[in-house]
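Protein chains: 2
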Amino acid sequence: MGMVSYLNGTFIDTGNLTISPYDLGLLRGYAVFDIMRTHNGKPFLFSGHWKRLYNSAKQFGLKLPVSEKEFAAVLKTLLRLNGFRESMIKTVVTGGPSADGFSPAGKETFFIIIEDLKTLPQDVYLLGAKVITLEHPRECPSVKSTNYMTAMKHSRERMKRGAIEILYTCGGKALEGSVSNLFIVKRGGLITPKEGILLGITRNFVIKLARKLKLQIEERAIPIKELLKADEAFMTSSTRNIVPVVMVDRTRIGPGKVGPVTKAILDAAERYNESY
Amino acid sequence: MGMVSYLNGTFIDTGNLTISPYDLGLLRGYAVFDIMRTHNGKPFLFSGHWKRLYNSAKQFGLKLPVSEKEFAAVLKTLLRLNGFRESMIKTVVTGGPSADGFSPAGKETFFIIIEDLKTLPQDVYLLGAKVITLEHPRECPSVKSTNYMTAMKHSRERMKRGAIEILYTCGGKALEGSVSNLFIVKRGGLITPKEGILLGITRNFVIKLARKLKLQIEERAIPIKELLKADEAFMTSSTRNIVPVVMVDRTRIGPGKVGPVTKAILDAAERYNESY
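So the protein lines, in turn, are chains Z and L.
Residue -1 in the numbering used here sits at position 12 of the first sequence, and the numbers go up by one each step.
Residue 201 in the numbering used here sits at position 214 of the second sequence, and the numbers go up by one each step.
Honestly, the hints are just simulated from the structure, not real lab data.
Quick caveat: nothing in here was measured; it's all calculated off a predicted structure.
Fair warning: there could be bad hints in the mix.
[As the list claims (entries may be wrong)] Straight-line Cα separation of at most 20 Å, DMTMM-like style, residue types lysine to aspartate or glutamate; simulated pairs:
(1) L/Lys160 <-> Z/Glu126
(2) Z/Lys29 <-> Z/Glu213
(3) L/Lys105 <-> Z/Asp87
(4) L/Lys147 <-> Z/Asp87
(5) L/Lys94 <-> Z/Glu144
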């Protein structure tokens, strides 16, 4: 946990940052958020994160109290004050406190917390990970809301089954993970869903990287059957980066090892990040 | 707002009751809750509320830190200390703080807040209310979770259209309101949905009252068309009680006045509540 946070226009000790039990973010799940990481101490893919936070808030009728420029300036100060080598930046905007606990009063709660970046164990990237599937059409998937109730409900089962992520499926299609996007590799090209999902910032970054690598990319629905027969698969997220997937439920993907295309993307991302 | 609340085993000043920004109830919508009211200072339909809270928590893998008996004792103390004539009792259990903001640590946050009971304006019960419909299949409808994101998102529109409630529909069926259950009256009998909804405590209470009044009751799906042609309609909730509905979107229900069967139920409920 960082030492200094930002709450409604003020820099405060993180220990003093508390939320009212009357906040609609808590009582009614009325909140959107963003998680960003730094590379070389700088917020990574800042503009993409800002735009998505802005759009998520707008879709939910929530107002952001800062402009993009002000947000960047606040982050700069926070990163300096907290002084981690690399940071995770958590930004949350909620419907704020409500006298009757139901009607939004238009007084949004806006806070930013900085944390020391924790990454997944290196083994995950070298050996690949397992994911489990769950039939689950998400509500308002294009908004990064705080509704992770299904992921939470199944988190114990996920851990018991040794899986790193829950992959949501709907009507025979593989959509997205609870906190990450899905890519599969087929005949050297990439396929990733586009509809009915949250368009991750790292997803968009990987698409750009793949274009630079001259890989073919299709943005379209992925039938579960196609996923299970894919040559390779990986999932992307801002904090987890690019996670090779070698097992889906009880089916091995490809040879069950990190494949060459996934490896090439991981390498290209690392080169990009190092020089960020 | 009451003066004394209960948080994780301790009675505390309500002003000091705050929630960590790391609480999974806030960050990941991992929380269930209950709202109960008193009649003559006593928690109304206590056992029904307790059972539903217990079941909601269980379905989400959350543990309640009190037994039914302990919960009753805590409420008795809280009601005495806060001293309102009639109270609203809000009980919330969340996944608690999590170091990584995602994995439940099994340290639930449990709090109870007492508020001075606020009821709807008397006109609503005398003249009836308007509701608007919205196609929306709820996620895990049988759990009283804090996920009201759709209701929140549409709350401004609801208020603008002069409606008291959003009635969720799905595939041509009228299901339930965002915070209340639906009943219609047809040829003197009651019809109320049973599947795909939250089984409200007041819903169950009204069914019992109707049986005492020798009214016929069907628990089954209600096509929207049937609702719009109903003789009467009303919606039930613990804090709002029985709200006559005389307008759905732009369609008047029956003659657009509070009907005789709704009136009979309201009267029977009032007699029951007075002697509680």
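| query | Hint by hint, which ones does the structure fall short of? | reply | 2
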